[in-house]
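Novice: Here is how the chains run, residue by residue.
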Amino acid sequence: MAGNNPTPVEYIQHHLQNLTYGYHPEHGWSIAHSAGEAQEMGFWAIHLDTMGWSLAMGALFIWLFRKVGKAATTGVPGKLQSAIEMVFEFVEGTVHGAFRGKNPLIGPLALTLFVWIFLMNLLKLVPVDFMPQLFARFGVEYMKLVPTTDPNATLGMALGVFCLIIYYSIKVKGLGGFAKELSLTPFNHWLLIPFNLVMEVIGLLVKPLSLGLRLFGNMFAGEVIFILIALLPFWISWTLNVPWAIFHILVISLQAFIFTVLTVVYLNAAHEHH
Amino acid sequence: MNINMTLIGQMIAFAIFVWFCIKYVWPPINNALHERQKKIADGLDAASRASRDLELAEQQASETLRESKEQAAEILEQAHKRSNQMIDEARDQARQEGERMIAQAKSEIEQEVNRAKDDLRGQVSRLAIVGAERILESSIDEKRHAKLVDKLAEEL
Numbered sequence: 001m002a003g004n005n006p007t008p009v010e011y012i013q014h015h016l017q018n019l020t021y022g023y024h025p026e027h028g029w030s031i032a033h034s035a036g037e038a039q040e041m042g043f044w045a046i047h048l049d050t051m052g053w054s055l056a057m058g059a060l061f062i063w064l065f066r067k068v069g070k071a072a073t074t075g076v077p078g079k080l081q082s083a084i085e086m087v088f089e090f091v092e093g094t095v096h097g098a099f100r101g102k103n104p105l106i107g108p109l110a111l112t113l114f115v116w117i118f119l120m121n122l123l124k125l126v127p128v129d130f131m132p133q134l135f136a137r138f139g140v141e142y143m144k145l146v147p148t149t150d151p152n153a154t155l156g157m158a159l160g161v162f163c164l165i166i167y168y169s170i171k172v173k174g175l176g177g178f179a180k181e182l183s184l185t186p187f188n189h190w191l192l193i194p195f196n197l198v199m200e201v202i203g204l205l206v207k208p209l210s211l212g213l214r215l216f217g218n219m220f221a222g223e224v225i226f227i228l229i230a231l232l233p234f235w236i237s238w239t240l241n242v243p244w245a246i247f248h249i250l251v252i253s254l255q256a257f258i259f260t261v262l263t264v265v266y267l268n269a270a271h272e273h274h
Numbered sequence: 001m002n003i004n005m006t007l008i009g010q011m012i013a014f015a016i017f018v019w020f021c022i023k024y025v026w027p028p029i030n031n032a033l034h035e036r037q038k039k040i041a042d043g044l045d046a047a048s049r050a051s052r053d054l055e056l057a058e059q060q061a062s063e064t065l066r067e068s069k070e071q072a073a074e075i076l077e078q079a080h081k082r083s084n085q086m087i088d089e090a091r092d093q094a095r096q097e098g099e100r101m102i103a104q105a106k107s108e109i110e111q112e113v114n115r116a117k118d119d120l121r122g123q124v125s126r127l128a129i130v131g132a133e134r135i136l137e138s139s140i141d142e143k144r145h146a147k148l149v150d151k152l153a154e155e156l
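Line by line, the protein sequences are chains R and G.
All residue numbers for the first sequence refer to full-length UniProt numbering, where the first residue is 1 and numbers rise by one.
All residue numbers for the second sequence refer to full-length UniProt numbering, where the first residue is 1 and numbers rise by one.
Don't read these hints as lab results, they were simulated from the structure.
Label-pair restraints from in silico Cβ distances: (1) R:I258 - G:A57: 51 to 59 Å; (2) R:W190 - G:I8: 38 to 46 Å; (3) G:R49 - R:L254: 41 to 49 Å.
The beta carbon of each residue, even a glycine, is placed where N, CA and C say it ideally should be.
Produce the complete structure using the sequences and hints provided.
Specialist: Structure below.
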């Protein structure tokens, strides 16, 4: 545990604090040394741990798949290639089932999302104290390992998806078509345009929000449970830790899958004329 | 858990990774997979075609075998027929020959008998003449009685 025997509340708060680098009104550009300092930095701060680990996982994904892709044979594949191809075909099948239009972007997008989120979620299976303790040795105060327990990460991806939804809605239906869809559905009458507009815009905005918050909520809740379990005496914690971790193998893949599928479904809706 | 620049950073990272995926990750795996799919499909196709060819060839072979068997049977039958015919012919010929030979022998025998009869008649007539000469003790004028003797010999 970090510090000199922190209280459970301090322990939990410490584990849920990101390593924040930003502009502090008093200290200038620096790493925040407490949750309060991080709070005071406002928007112009960046979570180094979230960014670092998510970039690492993304790079791992690109490196691994690129490596396999370059060496891919059309003959009998090796074990690694088979595994990668299984993931690939799974994603391709999902996209095939959910996306009826034709867009070469959707496949790679879904693959990136699925594998990237899966890898980021996978970090959750690393014992909660391992990385913070390790980094504490090198003088790093905070280390929140799992990027998907940071709403910035999940909402960032969700916003990326949102941009694509807007882009393709306008590209496929035209600006007028998109506006018409927002204002004339579900009730096709000019008197009800304001009502439709409110409903549709809310519906549109809820898409990225729910997408990001669902992933964040699931991962964050799981993480909190892991931290709570870690507060138990070491000789008993494994009785809860192990089942929860095993259960999370499911949650991790499921959440990655849900995020991917919903993205594809939203983009499919953006491509369709009503 | 503050919303801050990380949001933007994550969006940028997301965009970059997707771009990388489109550019460098998706195409090679996709190509390899689909090429293999095509290869397997071709292979299966070829296999089914080969088995169909085999079936056809087997059919043809059995057909040919059947035909040749039929032909062989036909040839055999013809040969049988021919041999029977030949035997019959030979038998007929032999019978005819035999009959002919018998007839010839008979006619020869008849001729022989006739000649013997003629001889005998001549001798008898001469004997009669000789006998008559002895009886008459006189010679009969041969020239005068030749006609009579011949007539006599014919009557015998």
